[in-house]
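S.K.: Here is what each chain is made of, one letter per residue.
There are 6 protein chains.
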Amino acid sequence: MATFKDYTYTHFLVTSPTPFVVHVQINRPQKLNAFSEPVWREFEAVFNRLSSDPDVRAVVLSGAGDRAFSAGLDVQDASTRIPGMGQGDPSRHATVMRRYILEFQRAVSSAEKCEKPVICVMHGISIGIAINLSCSADVRICARDTRFAVKEVDIGLAADIGALSRLPKLVGSTSWVKDVCLTARDFFADEALAVGFVSQVHETKDAAINAGLRLAGFIASKSPVAVQGTKELLNHARDHPVEENLRYTSVWNSAMLQSSDFKAALTSGLTKKKPTFEKL
Amino acid sequence: MATFKDYTYTHFLVTSPTPFVVHVQINRPQKLNAFSEPVWREFEAVFNRLSSDPDVRAVVLSGAGDRAFSAGLDVQDASTRIPGMGQGDPSRHATVMRRYILEFQRAVSSAEKCEKPVICVMHGISIGIAINLSCSADVRICARDTRFAVKEVDIGLAADIGALSRLPKLVGSTSWVKDVCLTARDFFADEALAVGFVSQVHETKDAAINAGLRLAGFIASKSPVAVQGTKELLNHARDHPVEENLRYTSVWNSAMLQSSDFKAALTSGLTKKKPTFEKL
Amino acid sequence: MATFKDYTYTHFLVTSPTPFVVHVQINRPQKLNAFSEPVWREFEAVFNRLSSDPDVRAVVLSGAGDRAFSAGLDVQDASTRIPGMGQGDPSRHATVMRRYILEFQRAVSSAEKCEKPVICVMHGISIGIAINLSCSADVRICARDTRFAVKEVDIGLAADIGALSRLPKLVGSTSWVKDVCLTARDFFADEALAVGFVSQVHETKDAAINAGLRLAGFIASKSPVAVQGTKELLNHARDHPVEENLRYTSVWNSAMLQSSDFKAALTSGLTKKKPTFEKL
Amino acid sequence: MATFKDYTYTHFLVTSPTPFVVHVQINRPQKLNAFSEPVWREFEAVFNRLSSDPDVRAVVLSGAGDRAFSAGLDVQDASTRIPGMGQGDPSRHATVMRRYILEFQRAVSSAEKCEKPVICVMHGISIGIAINLSCSADVRICARDTRFAVKEVDIGLAADIGALSRLPKLVGSTSWVKDVCLTARDFFADEALAVGFVSQVHETKDAAINAGLRLAGFIASKSPVAVQGTKELLNHARDHPVEENLRYTSVWNSAMLQSSDFKAALTSGLTKKKPTFEKL
Amino acid sequence: MATFKDYTYTHFLVTSPTPFVVHVQINRPQKLNAFSEPVWREFEAVFNRLSSDPDVRAVVLSGAGDRAFSAGLDVQDASTRIPGMGQGDPSRHATVMRRYILEFQRAVSSAEKCEKPVICVMHGISIGIAINLSCSADVRICARDTRFAVKEVDIGLAADIGALSRLPKLVGSTSWVKDVCLTARDFFADEALAVGFVSQVHETKDAAINAGLRLAGFIASKSPVAVQGTKELLNHARDHPVEENLRYTSVWNSAMLQSSDFKAALTSGLTKKKPTFEKL
Amino acid sequence: MATFKDYTYTHFLVTSPTPFVVHVQINRPQKLNAFSEPVWREFEAVFNRLSSDPDVRAVVLSGAGDRAFSAGLDVQDASTRIPGMGQGDPSRHATVMRRYILEFQRAVSSAEKCEKPVICVMHGISIGIAINLSCSADVRICARDTRFAVKEVDIGLAADIGALSRLPKLVGSTSWVKDVCLTARDFFADEALAVGFVSQVHETKDAAINAGLRLAGFIASKSPVAVQGTKELLNHARDHPVEENLRYTSVWNSAMLQSSDFKAALTSGLTKKKPTFEKL
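Protein chains in written order, with the numbering used here: chain Z, 269 to 548; chain B, 269 to 548; chain L, 269 to 548; chain C, 269 to 548; chain Y, 269 to 548; chain S, 269 to 548.
Bound conformation, chain Z alone (with noise of 0.2 angstroms):
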């Protein structure tokens, strides 16, 4: 069976520090790790991979270079891939939109439909489609240097590609995230962190790709039954009724406990050795 190390990628740095984490960084500094189509084509594609790949167990990702984690759409790229704005026939031009909405969307969710844990460390520029990518992973970190913004108003249109589908859901104070979103405006760590929008500030970015790898080998280190469990059953609460979600636990675990880790980490608790446990 392929892994993700049986495949080569252009615009993403793909590495495994160590056993069962991998670490995505995207790889266009010189761009400020913007996003053209292919870009984002390749990240669902690399997500894609990552999520049945048995060798993954949590994922860190994070953007090359000293100044941005990500600039947001490469607008470059962007002028030359829409079709033609106010020609022809308004409700065809509408369709064509739509299918390139849905497809960009899709990308973006591939991290949030992989069934390892993401973890998205953020550094310097992080606007537009950094923070949709960001609302996308489990959990966020940022280094100090962070500048965050919902940039979307300022180039004329409502965020679509999860940026408003998911913010209101990660942080508590919808006050809040209807000024960042109406806005535009920046925002910094302390203010990220305080909202709940990341859960980690570390001084440098090195100290925050440092602390993103130590959690995700942590969460390496334990049964990827439970753990992956564990994203799938959060993300369906985010959607459904407490009863709906029951449910579907019940349902899911009817199965997932009789999974050999169960027995594995109970005998390692008495014997207090660390238990190992099949791929998944």
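Rather than coming from a laboratory, the hints here were simulated on the basis of the structure. The structure displayed is predicted, hence computed values, not measured ones. There's no promise every hint is true.
Because identical chains cannot be distinguished in the list, a pair is counted as satisfied if it fits within a single copy or across any two copies.
Derived pair list, reagent style EDC-like, types lysine to aspartate or glutamate, alpha-carbon separation capped at 20 angstroms [unchecked claim]:
| id | residue 1 | residue 2 |
| --- | --- | --- |
| 1 | Lys540 | Asp454 |
| 2 | Lys531 | Asp345 |
| 3 | Lys437 | Glu500 |
| 4 | Lys299 | Asp458 |
Place chains B, L, C, Y and S on chain Z using the hints.
M.R.: Frame of chain Z; chains B, L, C, Y and S shown alone:
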């Protein structure tokens, strides 16, 4: 086409301090801005007009006078409006009550349904209906002296015009929401900021109003297509699973991305000039 | 009509320190208040009775002894209860597991379904089932020494009796929720307060219990029609869109506004005397 | 309190042939009862008044003249009302269109939202808006000569005022629904009966009207508390899972079972006399 | 483990005419099988036991005696059970009523929640509760002489134990459903078959019972894993969007496809021998 | 831009008998058109391409050869594809199964997600997957000789690729749906027509195919904007409450009403000439 300026109001002071910004003041300071039935019926009329008025891009809602944003229900008025309790057939009485509640709810919801962002600036006494109204706004700001309370249990009823429906989705801590709703206790500016109910606290009412007007002015300078779409999509997101919202968003933007604002905003980005947007 | 006092309990200490307030203590301090199957079955019986007992208006739930609110599942008991893993037909085994999980979930949910508010006061070890139980309560308070952990991944499974269903809706930061659920790491009182999981921290267990009882007493002094309606409508709001909750609320209050408590509360407001409310 | 008789109508003939029964006739026979904007705006006003008029317990809706229940949209009127196609910014045009559709939908939905049962009696040409209106009614009856068509695709659009929303939930066969909606083909009384779109076919328009009035009279002789509750709960059932509807029903009937009608109906069962019910 | 045979029943005759088939007869023929409170409480107990009894694979529900499947509520009993109408506080009375309705609903729903398919065979008088019960079954069969009526509006109330919740989802024509629910009129076997309420009509009660038992026996010869999964997934489908049901199904079958029945069924297909399945 | 003609297919015969109409034939007659994994993977590829191909406006799906539309799963293939049952960790096996089911479901759903209407014409053996596929189509037509069966329980499993999810929403009688799904019994053309599963029966396969192609041609002559919108809105309606669908519809048509087809269709109505529509 008529604009909000073509109407006169009995209980509200409606002005436009800067272009595209409207300031709505509850104008019964001698009654601490309490709401009688005519007041909430006029409230609905005001916001319905602002919703589609092309001269409006952002709204600030506040209370006239020094003492109160609003002291809630005008109990004197209420006692004369609500048909005789404890008499006649309880099922018929229930029907009358239900219709009345539905109309009252619709009035309070008109700020949420208003297509333009609404910034609620509170000060002094802000209890009962005040909380319900402010939960219908998009952004909440308050003065240091604000005294909040979800007051309804103190008059023997569960709040039924929106506070219980919206508050759990506006702030992060359910433990806090239940505490303040079950006890009707007072809380103040710092606590409101810490839990995310408001996103700004200012030292005086004047400072808070100014901040609200500044924020409204800033929003009014952005593309109205982008701003109104952002409000709509965020409100939709609150009530729908992520997948549902993404689908709705793709249809919404299939028309909205054909906006001239997109071009204007991109151009202004290059030329560093302030863009001008058509009315909406 | 029988009240909660007409029953005797094996694993719980159930007292009424002040009128209309009931204090339920998990009473297995020698086992760190761990939950065997008989314990959670009795837990359900206790809360079902309190739910409709007219002598009860608010409940405090805590754990007996100094060391733990609860150390979670009684693993020794569990190993004898759950039918033989890894033997026989996995689909039939799954059916047995699913039925078991559903019953266990129902027991934990009984605190949420209890019509009277439940205040959970935690101290010391509060892991595994402790988290699940506390998420079913309305308000969470803790002592400074509390050690929390969503412990399930450490025993090889995804939590399935409520923590993953409810926690994302109880606190604002999803990044934090995923962190603690995916790692099973400990967290402490200050962190629990900062993210909004608890709404009060007290220096000692005794202080926390006293605060819980005071809060319960305060709630018990209010109209039971108003209080129980508020709990029901807030729980409904969590799981429904705003429009749905408004509609449900209008029907609920069509009966509840005919309460004598409304009149009693209004009168007491005028006379400045403490109102008396009929039992419910 | 004003009743429906206190108003005069331009486009409708509103009469009360028997006590508590109201007959609403679309009264533009010379235009084949086509709907211009003023017609649907008045339609909404009529049904909103009937909804809470205590002199009304059941409504029959039909079309005046021999040739048509309704020939649908008044295209001549429509071409003057809808703002200039193909000009200006498509996103702004979309906003105007969306607001217009929402108002039109609300008008058509007013028959469904009317608290009293509405029986739609069709004859002759019944196409376009005719289908949309009839889907908002509770019971559909037709004359042998009725010619139905979900006509919208023939004028280049997907039906947007209710037919596509409601038809799939009114008849059993989706294969049939898609056939008639995608082709805009005619269908006739027998087919409409066989698929369950109508529940009665009569040989002439007069016979159909009489059957409708008889049915309305029969319903009007029942307890209005029971009848209006039944309409509300069935409409709620269409749009909710069974568990949700049961919960809503339990709250609804907690007030409605306190009705004097219950006692009157039981007594009349014993005494074999026709019960009298209070107005509602 | 106890089976349904280890219990004795007061109001029901519970037999097993063929292996794995259970026949439950409402056994109050002298009362036309009317339901008093003790009857519906025992009904729930019966179906809860059958649900997890491994000796049961299919259930037939019918009424003893020649005259009636069930004449509905035992009105005499009801008048003594339901606490005094029209006295005391309507809100407190509403609370008592709501709790009572919820328990009654749960009893009626127990046939739906029973994990084994339930075939309801009706004859003679089948009104009120009879309709509600039969809507909880999976398949409905009737004798030629059956007289059906959704009778509740005739006693002054909207049906609240399931008929209005389930009937609109069991038959295709909403026009028909509203007709019979709003008028309480009788309908008979042919009409019930034509609208799809029942799927078989037989000439006599005996023939109908035999057909029901034959169908139950046929179902009982199939894989219980497949049969019980099919019931669960169809019930889930009724209340969920297609995408939701597909997701739930994929989790359900991830365990159930590991069944030995799959292998047994495939093998028996090749060998043309009747497969034997383990109990479930 | 590539069209469906630029591809070659292994298991399907894809032709265009008339402009804008595509005929897709399952082309394994020697295997009774059974589905191996490569077949359903290619099925998905075919429909994904048709979905956005501007040369396609309506699709007919049928099976090559005289004997079968499709005999369902290619059991021989399946036994080699699905990883070893009963070995290893049941939870890991469940994960593999779940991923496999999800991919299989997605393939079957591709006909439903295809933006162009799909007419399924069945004949001969039409069991198992055949039912699942046909439920994904918009309109179902069959030949007199068709033998249908929801066959899955006969091979020891609950259908998991769509039949149980969609069938209850495609036909009116739940009693019938449960009967055929729980028993796996055969049913034939007349029964399929009576319950509404198919909407046309023809005497021979050829007659059925011709009817399907005629219907497709008729649909292809209509405005593609109107037709594709109608399919989308009807599919949305199935899974959403009426209010939700109305809201979605208003946004959809805000763009689609700007279509040139609207003008073309209106003009052609006046001039009695056949309108020409741009590709979509």
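S.K.: Please go over all the hints and tell whether each is borne out by the structure.
M.R.: These are the hints, each one checked on the structure:
no. : hint            : verdict
1   : Lys540 / Asp454 : between (48 angstroms within a copy, 18 angstroms between copies)
2   : Lys531 / Asp345 : between (53 angstroms within a copy, 15 angstroms between copies)
3   : Lys437 / Glu500 : both (16 angstroms within a copy, 16 angstroms between copies)
4   : Lys299 / Asp458 : neither (27 angstroms within a copy, 42 angstroms between copies)
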